[in-house]
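There are 2 protein chains.
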Amino acid sequence: MRITLIGSGNVATHLGAALKNAGHQVVQVYSRNADHAVLLAYHIKAEAICNLAEINLDTDLFIISVKDDVIEELASALSVHQKPIVHTSGATPLATLQTYTNKAGVLYPLQTFSKTKEVNFKAVPMCIEAADQGLDETLKQLASSISNSVYAVNSEQRKILHLAAVFACNFPNYLYHASQQILAQHQLDFNLLRPLISETADKVQEHLPSAVQTGPAIRDDKKTMAAHLTLLNGNDELTTIYNLLSQAIIKMGKA
Amino acid sequence: MRITLIGSGNVATHLGAALKNAGHQVVQVYSRNADHAVLLAYHIKAEAICNLAEINLDTDLFIISVKDDVIEELASALSVHQKPIVHTSGATPLATLQTYTNKAGVLYPLQTFSKTKEVNFKAVPMCIEAADQGLDETLKQLASSISNSVYAVNSEQRKILHLAAVFACNFPNYLYHASQQILAQHQLDFNLLRPLISETADKVQEHLPSAVQTGPAIRDDKKTMAAHLTLLNGNDELTTIYNLLSQAIIKMGKA
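Protein chains in written order, with the numbering used here: chain H, 1 to 255; chain X, 1 to 255.
These are calculated hints, taken from the structure and not from any lab test.
Remember, predicted model here, so these are calculated numbers, not experimental data.
Heads up, a few of these hints could be off.
Since the list gives no way to pick one copy over another, a pair counts as held whenever it fits inside one copy or between any two copies.
Mimicking PhoX-like on lysine-lysine, the simulated pairs with C-alpha atoms at most 25 Å apart in a straight line are [stated by the list, open to error]: (1) 67 to 254; (2) 140 to 122; (3) 83 to 45; (4) 115 to 251; (5) 122 to 223; (6) 45 to 20; (7) 223 to 83; (8) 254 to 117.
Please work from the sequences and hints to get the whole structure.
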């Protein structure tokens, strides 16, 4: 397919590379920031533009991959070209695009992307949605060309997924940070914990998390929890987090 | 080495297998529960006993791998044999054993173990401690025979590691559970989130967690956070956790 990428952030960067690797032609990369547009366009052999007036109309699809709060204004501006428009946002309903076009869709990659790290896109769940049947079929094919996991997910379900992803990704990463800070305060190497973090994530690839919960809270081991709280003495934030999550785990163990 | 394993839980099971695989002879496995002793002993070609009177004295080392609150009574009972005694606990100081023997040590594998899942022991950080220099050398060699990561860690540091491990492992696993429950309530497949969980853990293998934090809180995206709280409406526990961790991430972003 001939695709125009609107945006140059983390998702646009990884998606653009995956599209190119799958043999699609990214015609243009648009970004308000010319440097960002050039950088991504260079890597995926596209043309960089930073003005919507320069849009090349020889394209099959606009993919809007920008911050949630500017999706709508871009969709509005692009709708004059009468091409299908999709966004890549977990939190934005399809309806936001449908105001501007009948050929509206969503292509939501359920993954965390950082510019510094390669991602195996074949393993990234692609959640697609389109009201138009032709576009739905097109998105299924497009998603299948870059990933082995393609799911039909409606806007309500996508909101739930986006929320659940915060619990599965953003919050655990913060807790990794907390553990790293605890070690750093005592001149201990974060490498000591890295294998544990890997194994914890590996375990739930085949098991349900509730089946592999370990630690003092699930054993309701009050002595160890009290000792941990003593060590946290003076750190109110981590003390509150420790208590709250331990209570939740104790409750889960009794459920 | 000729080793006697006191205990048959998750740690004893994985450690016993790693010792056998490295060419050591596990002489006996002791457990109060005869079935547990037999099961582990069978797998690592040891003798199973459930009575301390049957201890074979032709051994070089007792490894006590049991619940923290029974370590001391076992150390007391075993001390009559005048053999080196080590435990595998993160939360128990060396001094607990030193009351009973001059040849006391610790061999703490910093990993989460479940009986249902194999672990690559070569990657497990082994934290060792001994006051006796000869035993310290022995433990270094023993740990190096089963793992590529051996660290000298004293009792104070080990307490800190054990606390940090709760933040790096037990709490993230609970949050995986929370995300799985959110999906289940909406008939969504947990497989949708599994690649995200893997990638989140993978990212911090090379980066610091603070450098790869993503999600609405680190962007201070109030609109998305408000939408998530609306979706959590009625679930007080997850609402409290969402607010607390989001505030901590916002604070981290401003630090």
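Against the structure, the hints:
| no. | hint | result |
| --- | --- | --- |
| 1 | 67 to 254 | between (41 Å within a copy, 20 Å between copies) |
| 2 | 140 to 122 | within (14 Å within a copy, 42 Å between copies) |
| 3 | 83 to 45 | within (22 Å within a copy, 69 Å between copies) |
| 4 | 115 to 251 | between (39 Å within a copy, 23 Å between copies) |
| 5 | 122 to 223 | neither (46 Å within a copy, 31 Å between copies) |
| 6 | 45 to 20 | within (8 Å within a copy, 55 Å between copies) |
| 7 | 223 to 83 | neither (64 Å within a copy, 29 Å between copies) |
| 8 | 254 to 117 | between (40 Å within a copy, 24 Å between copies) |
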